[in-house]
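S.K.: Protein sequence lines, in the order shown, are assigned to chains A and B.
Using this note's numbering, read the first sequence as starting at 45 and increasing by one per residue.
Using this note's numbering, read the second sequence as starting at 383 and increasing by one per residue.
Careful, some of the hints might be misleading.
[Said to hold, decoys possible] Which chain B residues stay away from chain A? Per the calculated CB distances, all over 12 angstroms, these: (1) 387; (2) 429; (3) 430; (4) 443; (5) 451; (6) 482.
[Said to hold, decoys possible] Pairs of lysine to any residue, SDA-like flavour, derived with a Cα cap of 20 angstroms: (7) 487/B with 68/A; (8) 487/B with 549/B; (9) 390/B with 45/A.
Hints listed in this document are in silico derivations from the structure and should not be mistaken for laboratory results.
We treat Cβ as the ideally placed atom computed from N, Cα and C, and that holds for glycine.
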Amino acid sequence: MTFDLAKILKSKRESRQQLAARPIAEKLAMLDALRERALAIQQSSRPAMESGVLHEKPAPYRGGKVEG
Amino acid sequence: MNIREVIKTVNHMQADGVIEGYAIGGAVGATFYLEPAATLDVDIFVVFKPEPGSRIVTPQRIHDYLVTRGGRIEREYVVVAGWPVQFLPPVSPLVEEALSQAVEKDVAGVPARVFTAEHLAAIALQTGRAKDKARLLQFVEAGVLDPARFQAILSQHELIAAWQRFEQQFLQ
């Protein structure tokens with residue numbers, strides 16, 4: 045346990061690198077688990093929702109120059 | 383709920399001739415190169431096949447194929463193996479190039495076609511939402527981008543100025 049911010053950030057970076065280096069099947073299984081949690085949270089906060097599916101606003105994939 | 387099952391289904395769909403090709407993009411595509419980050423859907427870019435005898439390209443064949451195999455239509459998504467999947471056409475030259483240069487990865491014995499890290503990063507730059515910028519930063523910090531290849535893509539798709547602004551904002 046440390047309160048040294050530099051050490052904390054270094055440790056976080058290493059954890060992220062270790063996660064990124066895991067086998068892809070394992071990482072995809074983590075996405076499955078993360079989504080199940082998100083659904084469970086949504087269902088507990090909105091029990092009368094119409095659908096069991098969470099949606100994201102689709103990415104505005106587009107062509108041309110980027111202005112902003 | 384299983385992304386690997388989604389990939390298997392899309393592979394079957396390609397083998398059955400419903401689509402000509404595909405590649406995984408978005409957050410799921412990024413997960414092939416980075417640490418996993420929560421996402422709510424799967425973006426799959428596809429080369430649509432026109433209806434027989436028609437030049438019109440629609441996702442109807444994909445929807446019909448998946449619905450007869452247990453999929454469910456929800457707004458612009460098809461829910462497959464518990465995941466909302468969005469099938470997207472290549473809407474820009476950059477995405478078209480990303481689709482044509484996608485690479486094959488192995489997901490525990492299941493082949494998956496995925497955008498390259500450089501194309502995912504360039505698309506994130508072009509799309510430009512806050513979460514896309516965060517993802518681009520992850521790509522940079524993870525050191526998974528081939529600098530020469532990334533620069534070539536930025537140059538080809540007139541994204542150099544956008545990249546310079548991003549660098550000034552986040553990397554200096």
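S.K.: Look at each hint and say if it fits the structure.
M.R.: Structure-based check of each hint:
| no. | hint | in the structure |
| --- | --- | --- |
| 1 | 387 | violated (10 angstroms) |
| 2 | 429 | holds (15 angstroms) |
| 3 | 430 | holds (15 angstroms) |
| 4 | 443 | holds (20 angstroms) |
| 5 | 451 | holds (18 angstroms) |
| 6 | 482 | holds (15 angstroms) |
| 7 | 487/B with 68/A | holds (9 angstroms) |
| 8 | 487/B with 549/B | violated (30 angstroms) |
| 9 | 390/B with 45/A | violated (44 angstroms) |
Comparing the model with each numbered hint stated earlier shows that hints 1, 8, 9 do not hold.
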